[in-house]
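Build the complex from these two chains, which are given one at a time in their own frames, with help from the hints.
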Amino acid sequence: MLEKSLLIHRIPNNETETERLIQEPAPGISATPHEENLRYFDVIIAGPSQSPFEGGVFKLELFLPDEYPMAPPKVRFLTKIYHPNIDKLGRICLDILKDKWSPALQIRTVLLSIQALLSAPNPDDPLANDVAQHWKENEKAAIATAREWTRNFAQE
Amino acid sequence: MAKVPRNFRLLEELEKGEKGIGDGTCSYGLSNGDDIYMSDWNGTIIGPGHTIHENRIYSLKLHCDDNYPDSPPSVHFISRINLPCVNQQTGKVEPTKLSCLANWKRNYTLETVLTDLRREMANPHNKKLPQPPEGSSF
Numbered sequence: 001m002l003e004k005s006l007l008i009h010r011i012p013n014n015e016t017e018t019e020r021l022i023q024e025p026a027p028g029i030s031a032t033p034h035e036e037n038l039r040y041f042d043v044i045i046a047g048p049s050q051s052p053f054e055g056g057v058f059k060l061e062l063f064l065p066d067e068y069p070m071a072p073p074k075v076r077f078l079t080k081i082y083h084p085n086i087d088k089l090g091r092i093c094l095d096i097l098k099d100k101w102s103p104a105l106q107i108r109t110v111l112l113s114i115q116a117l118l119s120a121p122n123p124d125d126p127l128a129n130d131v132a133q134h135w136k137e138n139e140k141a142a143i144a145t146a147r148e149w150t151r152n153f154a155q156e
Numbered sequence: 001m002a003k004v005p006r007n008f009r010l011l012e013e014l015e016k017g018e019k020g021i022g023d024g025t026c027s028y029g030l031s032n033g034d035d036i037y038m039s040d041w042n043g044t045i046i047g048p049g050h051t052i053h054e055n056r057i058y059s060l061k062l063h064c065d066d067n068y069p070d071s072p073p074s075v076h077f078i079s080r081i082n083l084p085c086v087n088q089q090t091g092k093v094e095p096t097k098l099s100c101l102a103n104w105k106r107n108y109t110l111e112t113v114l115t116d117l118r119r120e121m122a123n124p125h126n127k128k129l130p131q132p133p134e135g136s137s138f
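Protein chains in written order, with UniProt numbering: chain A, 1 to 156; chain B, 1 to 138.
Please keep in mind that the hints were generated in silico from the structure rather than gathered at the bench. In this text, all values refer to a predicted model and were calculated from it rather than measured experimentally. For each residue, glycine too, the CB sits at the ideal point set by N, CA and C. Treat each hint with caution, since some may be false.
As the list claims (entries may be wrong) - Each computed DSS-like pair below joins lysine-lysine, with the alpha-carbon atoms no more than 25 Å apart: (1) B/K61 to B/K19; (2) A/K100 to B/K19; (3) A/K88 to B/K19; (4) B/K16 to A/K80; (5) A/K88 to B/K127; (6) B/K16 to B/K61; (7) A/K88 to A/K100; (8) A/K59 to B/K105; (9) B/K61 to B/K92; (10) B/K3 to B/K16; (11) B/K19 to A/K98; (12) A/K88 to A/K98; (13) B/K16 to A/K98; (14) B/K16 to A/K100; (15) B/K92 to B/K3; (16) B/K128 to B/K105; (17) B/K105 to B/K19; (18) B/K92 to B/K128; (19) B/K127 to B/K16; (20) B/K128 to A/K88; (21) B/K92 to B/K127; (22) A/K98 to B/K3.
As the list claims (entries may be wrong) - Here's a subset of chain A near chain B, in silico, CB distances under 10 Å, partners left out: (23) E35; (24) R76; (25) F77; (26) T79; (27) G90; (28) I96; (29) R147; (30) R151.
Said to hold, decoys possible - Here are a few chain A residues that sit away from chain B, every Cβ distance over 10 Å (derived from the structure): (31) P27; (32) I29; (33) S30; (34) H34; (35) N37; (36) K80; (37) D95; (38) D99; (39) L105; (40) A116.
The following block holds chain B by itself, in its conformation from the complex (with noise of 0.2 Å):
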């Protein structure tokens, strides 16, 4: 297998993304439209029905170093929430603990990012965790 380099495996997230990706509970796109190099990302997440999550919109940030898809983005939410993977005073996701960007491989993507997250928030652990005004931001 070939391997894609990092600028074409982007482009290829991105045109995926601009047509939507799955039942359309995660998207995301580029944060500026002429970042030529396509390091920063916006994220969305629509809270996961019969949880607390449910019927909120959380915007997440994501940034892809020069070792993306090598290594994994870095993801930080904007807006505010409670998850036991998510620092309660930056945002920041903890790499160690969210399972896809600790076990990090190459053929991950964004999507499998935000996914994973939006798992986070629907495990049964989590689903009741009590959560901070809806609309607040980190």
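Next up, chain A with everything else stripped away, as it sits in the complex (with noise of 0.2 Å):
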């Protein structure tokens, strides 16, 4: 019934979703449209626990562009962060943000989904060529790495 509605209501505005968003975030995430402009979110994703993330609180900015939900949302880090999957712009690089975009995905699950690539880096499809490189070389160095980066980039 929800999912019903918010299709209905977030083609001409994403107000719905948006409520929704604010009112139940997922654990560790939180988004905040700018009052100006609705469709461009302050996002806050809180470094998984059990990854060299932990403790890290980590910013992004997400924008809904016109074509939203035909097009995924566009989404970017704006704290510094050493993982394979993200590059030195905070470009992340995550099938559903592409290709395997549905309209029936929404803010939320995509947030969801990069919260768990943080879980679950995969240096088999970089963005980030050297941070792959190492982490398919030596990965406990380049956990150690991502984990000092946590400590020095990702405190609030």
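Spelled out as structure tokens, the structure:
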């Protein structure tokens, strides 16, 4: 039922989905729309426990283009992060943000997928090649670097 | 129309610039590849043919502040050039003297600025202006 009402409401505007995001944030995730542009969100994702990003607070920005929900939201990290699928400009390599996007997905699903990506870096589908290579050659050392970056750059 | 926020707009411009714009006579890229706010850019203009600028390569710096693209970028030539819109002491492109900067619109881009400057070089009033030695800088 909820899904159906979202689909109806979010085409003309994303108010319903936004309200739901604010009311029911997923654990460790928040998304706040900008007052002057309701399609533009400040996002915060807490580094998942048991990952090299644990204890970190990561800022992202998210924008719903005109084509949304037929096209995916645009999302990137603003906090520096050492991860094989996130590049120096915070761009994220994630299939659902590209060819695997479906209009049935939502902002919430996207943010949960990004949180999951932090728990499961995938160096075989890299965006940051140097980081991915490090991850493959010496995973332990790469994880240590990721922890160090989390301590240095991802604190509130 | 949704208003594309500054950072996502600059990401679009970056991706377009990386693929190469138009016929390659104007190009641009980030000055610092890990500048998360994408404020500083390098631009290049190849001088238009059949003008005094032919075969010259001009380097520029463009700066996009927090208000971009609501406000235009600030633009400086690094390579010395004699053009009415360019301050001869500093290399700054005077915003009041270049039409795209003076009448800035939100849908204008770094590409708009570079192509407008190239058009200015080919303008009949400017195309024969005496130029400083090639390779000199402001």
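Hint numbers the structure violates, sorted upward? 5, 8, 15, 16, 19, 20, 23, 28, 29, 30, 34, 35, 36
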